[in-house]
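Student: First to last, the protein sequences are chains A and B. Counting with the working numbering, you get residues 3 to 339 for the letters of the first sequence. Counting with the working numbering, you get residues 3 to 339 for the letters of the second sequence.
Read the hints as simulated data drawn from the structure, not as lab findings. Heads up, some of the hints might be wrong.
Said to hold, decoys possible - The list that follows gives simulated cross-link-like pairs (lysine-lysine, DSSO-like), each with its CA atoms no further than 30 Å apart:
| id | chain 1 | residue 1 | chain 2 | residue 2 |
| --- | --- | --- | --- | --- |
| 1 | B | K189 | B | K155 |
| 2 | B | K14 | B | K155 |
| 3 | A | K189 | B | K189 |
| 4 | B | K317 | B | K336 |
| 5 | A | K155 | B | K189 |
| 6 | A | K155 | A | K9 |
Just so you know, these numbers come straight off a predicted model, no measurement behind them.
Number of protein chains: 2
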Amino acid sequence: MRQPAVKLGELKTLITRAFVANATAPENAVSVATALVGAEIDGQIGHGLSRVPAYAAQAQSGKVNGRAVPRATRTAPAAVVVDAADGFAYPAIDLALRELGQLAPATGIAAAAIHHSHHFGVAGRHVERLAEQGLIGLIFGNSPKAIAPWGGKAALFGTNPIAFAAPRRTGPPLVVDLSLSKVARGKIMVAAQRGEAIPEGWALDADGKPTTDAKAALDGAMLAMGDAKGAALVLMVEILAAALTDSSFGFEASSFFDAEGAPPRVGQFMIAIEPRPFAGLAFADRVERLIEAILAQPGARLPGVRRLAERDAAKTGTLRVDAKLLAEIETLAKGAQ
Amino acid sequence: MRQPAVKLGELKTLITRAFVANATAPENAVSVATALVGAEIDGQIGHGLSRVPAYAAQAQSGKVNGRAVPRATRTAPAAVVVDAADGFAYPAIDLALRELGQLAPATGIAAAAIHHSHHFGVAGRHVERLAEQGLIGLIFGNSPKAIAPWGGKAALFGTNPIAFAAPRRTGPPLVVDLSLSKVARGKIMVAAQRGEAIPEGWALDADGKPTTDAKAALDGAMLAMGDAKGAALVLMVEILAAALTDSSFGFEASSFFDAEGAPPRVGQFMIAIEPRPFAGLAFADRVERLIEAILAQPGARLPGVRRLAERDAAKTGTLRVDAKLLAEIETLAKGAQ
């Protein structure tokens, strides 16, 4: 497939225009475009440009309110509720990050509950932005049902990512970012498109039986990473991201991929921690000591290495984009059909 | 093996006496005895009575300061540092729970960094105590090195438990409690004692090669649950529990099992969340809705079911205790040899 190289600035402008032409307020369009291009730069293409057509269709149909104005309410000295107002998640997360950036350095720890929200893309990027301000970040998000409960047979929970970031003395933060399914749902979708089998242990079919048939898996349920332990973490994330934010559970949320039905109304719970009140001045040195010890082992790797390599490669200022997708985004930018 | 039934009250008194007779202050002895008997009641015997002899030997040798007085310092409106002062972890955790129980309802979220600490036993019990006060609890603890970093060959991180608890409208809280190793180290120790093999994927030998030899595994490294994802979580816990509390990393900490050397000085990081500022009044109903949906699936199970069944069984007021261990504790209670 042809992959033209597009300048990053132009790409961001094009995507912004595509959303503005599809019932989205300019400031929201910029926030969404920044997040999607950022994901693409980091090689997280499942959360990148491929999302533009579905997002735009959802703004057009009203499943996402592209003109939503997220609103923050400080409900306690270290607590903020952010209403994403059925809009895109990214503007709400931008707001939550600003709030937590103000609160946590003063209180030591603070948290934001984001509700009436939508697909939040690369979880790690949000907490990385906290870490770029010197804060430790933790985020929990839920998503439409994909994973069966432990011992159960049908999808109930989302793939429910957890992300964590810690600032480093120099250079980019250390970022941990994982969805709690054994593999990304995208991998099963690709296998289904190609008519390929999937390994055992990834998924159940619609009857709750283990399957290696990718298409059957898409009609069934995914399995959690780490068996019972991972399944328990999925439940924890569902409680933090949805119950604690008064949002839809995975089994209540509509799809992020089509433009039909009610807004998904999933939630995100984000925690910001200022290291100083807990560790004094020792934190940065201690993190470096740990990383040294890890990297002293031949073969040992830190999480996020591939992501940072992709990000470095994009420093040329251009990104290769699938020609068909690019044409589709250009059409969207010309206005609703 | 003979297993006499002992009354719970008598057992707690006996263990308290065993510690008091071994260089431990009475209030610390009560805290430790309560935690160990509680673990035993919950069927968590690896963190129960079997620990008494090693703990007492460590208090005798000074590896643990049985007379330590933990001290709490509020360093920010939602932050408290608890110095366990090289004593047992439980009195420090009792203090952290009291502090968080005061802070979190006012601030929305609060956290305690516990440092110069020791083995903290059943992680889930500590956050369950927060949940019994209506708070959501999260705790992260590190432990002496057991798990290799991802791609590495030698033990570097602890088994680094994560525990989470959420209050329920009625009855005991929902508790998630998992160590991040694929299996409990105790399982490998039992296999080694019995001369049995262990399944592949549990551990590496001293050369960093996968092994099914339990003895070789004890000299090598354990593997994280969930492969690279689990290994990333282990790193996250090491940063939260040790770097953020200015404590020893797993590879710096001395053993919890012998009485030699310096104190282990591991750390714990505990977060308490008041649901109301984040979810309004909806939290309890939403948790029940989620649990209903899980239990509506045939075969689906909530975490902690076995633990609660064990706890119920102990409501007879007695506990069966290994006769040899009981005799050992009785000897300890008579005073240092």
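Student: Taking the earlier hints as the rules, which of them does this structure contradict?
Tutor: 2, 3 and 6
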